[in-house]
Amino acid sequence: MAQLRVFLPKEPFLDADAILRAVENSLTSLAQDVKIDFGVTTQTWGERPEFTIESHPGIREVYTEDDIYGYLNRGTAVRYAVMSHDFTPKTRTGFIGSNQGSGGKLFVSRKHPMPGITAREFDKAIQEKWDRLAPQVVQRMIDAEVSRQNRS
Amino acid sequence: MNRRQAALVVMVQSLEILSGQTTSYKAKPRSRARVLVKAELPRAQALYRKHRTHKSLEQQATELRLELVVKDYNPDQPRDELGRFGEGGGLSSGSEEGGPALGSSWGDKVSPGLVEIGWTPEMALKVEDAASRVGTKIDVLHKGQEAWIDPAGNVYEVGFRPGALGGHSDVADKFLLESGEDIYANPDFRTGPFDNEQTLVGLGWARVSTYQSETGIDHFIPLTSLQKDSLATMVGEYAAAGSDKIQLEQRTESLTAGINVQRGLDVVQQAIKELEPLKDYNPDQPRDESGRWGEGGGIVPEGAIKKLTQGSGLGGALGSLDDSQRDVEFRGDLSRPQKDAIASYVDLVDAKGRTLTWDTPKGSGEGKASDFRTETGLKKRHLKQADPTGPTPLKSLIEEFADKLRHLTNQLEAELITADEWESSFETLLARYHTTALLLGSSTDTLTASAADYVARIVGNQFEFLGSFAAVIQGAEEWQAGFLARAESYASAIKVPYWAGNTELLPLPAMPAEGTQCLNNCGCSWDIQELDEVVGDYDCYWVRSKDDSCQTCLEREAQWSPYEIRGFTGESGQTESEVE
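Keeping their order, the protein sequence lines are chains A and B. Using our numbering, the letters of the first sequence map in sequence onto residues 2 to 153. Using our numbering, the letters of the second sequence map in sequence onto residues -7 to 572.
Source of the hints: derived by calculation from the structure; they are not laboratory data. Do not take every clue at face value.
[Said to hold, decoys possible] Here are the computed distance ranges between Cβ atoms for each label pair:
1) A/Arg133 with B/Ala477: 21 to 31 Å
2) B/Ser553 with A/Gln150: 42 to 52 Å
3) A/Glu129 with B/Glu391: 55 to 65 Å
4) B/Gly355 with A/Lys106: 32 to 42 Å
5) B/His399 with A/His57: 34 to 44 Å
6) A/Glu129 with B/Ala463: 34 to 44 Å
7) A/Leu134 with B/Gly355: 22 to 32 Å
8) A/Lys106 with B/His399: 32 to 42 Å
9) A/Lys125 with B/Pro353: 47 to 57 Å
10) B/Ala31 with A/Thr77: 34 to 44 Å
11) B/Leu511 with A/Pro90: 53 to 63 Å
[As the list claims (entries may be wrong)] Reference listing, derived: stretches of chain B covered by chain A, where coverage requires no fewer than 3 residues with Cβ under 8 Å from a Cβ of chain A:
12) 426 to 437
13) 542 to 551
Think of the CB as a built atom: it goes at the ideal place given N, C-alpha and C, for glycine as much as any other residue.
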């Protein structure tokens, strides 16, 4: 995550707990945003991988354990799946989304190694997107904290 | 072994709180933004007061709309062999014979609160205005070329005539003849929301729509045998009336097309017969955590209830909103659409100053709406719904802003001002209208320090975009056709501060138009359900507008229904736990 700075209002004064709450809420929000975008990259898939948010103080990790998603995200050196002639992929590199595509896997054979899967780098694209948008999310969480202070 | 195949970590590496934060912020565009937001505040407040009146009008129009459509249910009203209400009761779009066109069967047959189909208040007022100018009285609002079939198989036509597929209503036709203005051509008129469409779908209704020679039948849930009979009959009617293309779509809750049959009456009728049948009623059917039965449940009109209980049965809570008996009556748990419908109705009764009678599993009683809410736990509904064109005040503000930007950019094209003057004025307008949007969203003319910082942040981002745009203009050899549209597109960016204000600065993960594929065209909104004001528990629903089908919005709707905020004003003040 890129370094970011946000405006802290002078009034009302926010104590350390309030700042930490704002930070935790920011992390939660950004993790949710990231999870949504991961979901978007698999929206047209038949069997959609599950993405999980794991939460620890100061850290949120959004991940999947789905092998196929890993192959696509990272790319592979070689591909053993033989695809149909009309196959067009649902996803493309750096695109946070998924199209309908066409065709599909015919069979898997280690006798026919083929050029590997192009890395889609979903994680990188999503990170770049939310690096750019994170400051306004964090700012909103600080504003929410001020709003909370006014309510309570 | 770490099985994680793809992961992104969001974390805080260091937290540095600077003293004198405002001066430490060096980024030039954002510094300018802060200064401009402060300088433009008085003008923004004046704009807020001007556009706030639109908001008031919108509320009045909403009440008018409800007044127009709510009528007592009359079980003795004559129907035809298909169970439809005849002329005067049906929603024909105006009979050829000049009978009681634009009847009131929505009001007759549908519970109040479920009837706001396809009409924005502006559209309602336009139609009323059109009708009065051509000397026609409108008793009830209608929308052309659509029909709904309730679970009991009753057909509710909404300005639809099988013999005149694709035809406009008589009012619109007369208006066109006399004034030369086609009210249907007005984009406001055609793009009304289907705020309660999903409510009806949730209650097990099937929709039939016709556009020119094409007939589409959507159903989102398993149909009852009565619905299937009605559908098959209607398909025959459409074919006889010249509809040469019939499309049948079966959709799941995520709106994924299933069956898609085109052409051939026999094929479609056969497909209807083969549609997944409705399961028999089973009181032990598992429910979700919201108490929903899943597909098929809902509040249905009294007449339909009788049919359902005698027929194949319908899962879910049965409800009644019948003035002649009790205002609100239900047994069992309610789904969210049901709660929404009841909350809307209770609000209406409350607004009229009437007392309310109710009979629910949590008790029976009579009193004020607040008593009802206390006893039943049904909270007052936050009326925030997705209108694809945005709420009226926001829409009018965007239009005004776009006009200003167009005027300013035209001046640049005509070389009446320099590029620097254009950019400077553009920045001033950005600061003014973003601030106004936040004020409008939060319904106050006071800008708190933190809110000012928030606006400055997003205005500063806009300044950076504008700087790039200005460089493109200055680097261009000649004026390009796309410059004007690009300049106007900045107007839609004020949706983000509007919704930030509208959601009362709750810690929500994203705002409409923020990080979506549809960018500033986003028509979604947040619907905030306050569960416990003291503790600060909220269920926040991402409400997608009908016209919005970008993948980000679809995903947010699926995952954030609801997005839970718990204990916001309590000790923790944090949003939901994310350990899943």
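These are the hints, each one checked on the structure:
no.	hint	result
1	A/Arg133 with B/Ala477: 21 to 31 Å	23 Å, holds
2	B/Ser553 with A/Gln150: 42 to 52 Å	29 Å, violated
3	A/Glu129 with B/Glu391: 55 to 65 Å	33 Å, violated
4	B/Gly355 with A/Lys106: 32 to 42 Å	59 Å, violated
5	B/His399 with A/His57: 34 to 44 Å	53 Å, violated
6	A/Glu129 with B/Ala463: 34 to 44 Å	22 Å, violated
7	A/Leu134 with B/Gly355: 22 to 32 Å	48 Å, violated
8	A/Lys106 with B/His399: 32 to 42 Å	57 Å, violated
9	A/Lys125 with B/Pro353: 47 to 57 Å	53 Å, holds
10	B/Ala31 with A/Thr77: 34 to 44 Å	57 Å, violated
11	B/Leu511 with A/Pro90: 53 to 63 Å	24 Å, violated
12	426 to 437	violated (count 0)
13	542 to 551	holds (count 7)
Checked against the numbered hints above, the structure breaks hints 2, 3, 4, 5, 6, 7, 8, 10, 11, 12 and satisfies the rest.
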